[in-house]
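Chains as they are written, first to last, in numbering that gives the first Met the number 0: chain A, 0 to 81; chain D, 0 to 447; chain F, 0 to 209.
You can trust all of the hints, since none of them are fake.
Straight-line C-alpha distance at most 25 Å; calculated SDA-like pairs for lysine to any residue:
| hint | chain 1 | residue 1 | chain 2 | residue 2 |
| --- | --- | --- | --- | --- |
| 1 | A | K47 | D | S200 |
| 2 | A | K47 | F | P150 |
| 3 | A | K47 | D | V202 |
| 4 | F | K98 | F | V167 |
| 5 | A | K47 | F | T136 |
| 6 | A | K47 | D | A201 |
| 7 | A | K47 | F | T71 |
Negatives, chain F to chain A, calculated, CB over 10 Å:
| hint | residue |
| --- | --- |
| 8 | A81 |
| 9 | K98 |
| 10 | Q114 |
| 11 | T118 |
| 12 | A169 |
| 13 | H174 |
| 14 | A200 |
Bear in mind the hints are in silico, worked out from the structure with no lab data behind them.
Here a beta-carbon is modelled for each residue, glycine too, at the ideal position from N, C-alpha and C.
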Amino acid sequence: MTVEIRIDPTRCRGHAICALMYSEGVELDRWGYGRVVDGTPEGRRSIKRALRAAAACPNGAVVVEDSADRRIRLAGRGPDGG
Amino acid sequence: MIDATLRGVRSTNAAPVHRIGDIGDEGTWLLAGPSADQGPEALSSHLTRLGSLRPFECAGEYRTMLRQSGLRGRGGGGFPLAAKLDTAMLAPGEPMVVINASESEPASRKDWTLSAYRPHLVLDGGAVIAAVVGSSEVVIHLHRGAGAPVASLQRAIAERRSAGLPDPRWRLSLGPDGYVSGEASAIVSLLGGGEARPSFSAVPMAHRGPSGRPTVVSNAETTAHVGLLVRTGPHAWGAAGSPSSPGPQLVTLAGGAIDPGRVVEIAGEATIGEVLSATGHRQPPTAVLVGGYAGTWISGWAAWNTTFQREGLEAHGAGPGCGLLGVLPEGHCGLAETARLVGYLAGETAGQCGPCVQGLPLLADGCRALAAGTLRRRGLRRLLSLADVVEGGGACRHPDGAVRLIRSALDGFADDVAGHLRGEACSGAQRPPVFPLPEVDPSDRVWR
Amino acid sequence: MLLFGLVLGVSLGLGYVIASRSGSLLHNKMLPWIMGRTMGVAAYLTLTALVAAGIWLRHPWRTTFRVPTPETLVRAHVALAAATVVLLIGHMTSLALDKYAGVGWSGTFVPWHAQYRPTAVALGTLAFYAMVLVAGTAVLAGSIARRVWFPIHSVSAAIFCLCVVHGVLAGSDGHALRWIYVATGALVVVVQVTRWTARYAAEHSELEPL
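This is chain A alone, in the form it adopts within the complex (with noise of 0.2 Å):
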């Protein structure tokens, strides 16, 4: 499986909570707001890093996408979140 991970910049706030768990991927500006740096991560370790990053980030913003160009389900996303 091959994933995409961007950033929806209208949906982050800063939290700071996707360079953690994804810290190889993803990193801060000087406000807090994340970057992706690498949208592709390799390796199942790394990938499901980004999952966690995904499932974790307070406003949804941060989209996982497979190759196939559908956007991941994750479960318990609100219904603001795509």
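Mind docking chains D and F on chain A? Use the hints.
Chains D and F alone, transformed into the frame defined by chain A:
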């Protein structure tokens, strides 16, 4: 390589044909027809002049023509239209077609002019795009405060309905007036029942828009070109431009131009000097602002012999953008104008992403301090590093545009920057500003 | 891990110094009690730093300082949380084992079951359970707790208040300790209040028209 060869052939074999014309001038492409004082062109006049179209029968042929034409979006992005249409056709679901006639750029008047005086050309283009991608409806989006174009388009739609033209369903949509509310993803989000704020998407809108359907948003001028080039053929149309920006283009003069708000059409590779001469300027101004309020400053002397086309402008780090050509007259301070424009852009954000919420107000403060002569070297370094952080971090290109404007100002007005940093008095900064800004009351801001 | 070790070492050292300076006589029988005290004070210090780091992470004033970067801050927050949990477990175990403390196992885990200042100890017990909830959901944020961990995190405010009161009521023999409670409590209140007012001011100011 190819571009250079083509250019060589054109310049040796054909005379350097360029023409700068106003609305109603003979020999123009989009602006030909009745003059401005006759109001919107009637359907009968339009059809007599250009002939009718058969969008559904000829959809395949039109698609080929659009691909051959190399038409690029004229709203600012400059994305090839044919590629957008191909993406939408390959994506699942019936595409949604939107003509963006909202023209958020405060000083630009080209889409206004086309919608007000040549509504049928715009609608023809919409019908062709809809037929090509297989959509049964076309939305024409304008700002609520658009004025004349709304009535003109309404009348044109009614005329076409009673004439029984083979058209898609037309839907006129009016949205909030804000600068970013005219951005493509903001319009589509509004049409989908949301707010007219830019939205983020991991995939191109042409593949899957906010509504879930593939979405083609085409600027009004781009759409009018479609209506025209399927009649003239892509080659004759394309030759009225340059290899990298084929086709004629509309330019709005702004700022300290002799006739600000005037829309002219350039066919062929006209230089900025030729455009300015044709509109009454005798010598290069201090600087020109190219591409919009979030555009690029080029010094007047450098710009004078630069063509208003991609290849010419790219040498100065600029692009045609929405076709705005702003003039900074002799004796005015470019840094003061920049500070005003950045302040305007900072006030016109949708307030969603970090770069706009946190970055733009700080950038605007920095530019104001520079214009006022209170910024020092250290502050300038901070301003530049802030620009690096802001760039590329938003959902739309709004913050990037402000950064581009600031960087080009620091580059283009380097001597002035040095003077301002030393705190020297700047006489130009005291003069009344030349670029008009819409009066915005933040409490009136609506997103629906 | 390094950060965690550092935090643990520093806080234990500080806790010991404070606890021994402010406490009464020391002898061998009192070892569990000394340990409980040391770790209690240390846990209180890491908790304060933990809460302050968490609030500061999203404080509008933070960006005026280059350091610590948000990455460092969020890592420090996690290391402090881990240290607090370890110290807290040490604090509770030592006092539960101490025959003379009048707390015992039931007093440690069941609120109002301690003989020594039941209400004071009970507040600590309640704070412990709330902390288990907050830390547990945060640890499981990437899997089960998903987005709910974040609203639950606001329980931290109550935890901090409980811990201050627990400290004041159960462990404030000595002036130094009392001053520490006042100083740390004030620090957290100041950071939180300024965060709130700065954000309020930012949201209610309009950009000045030029």
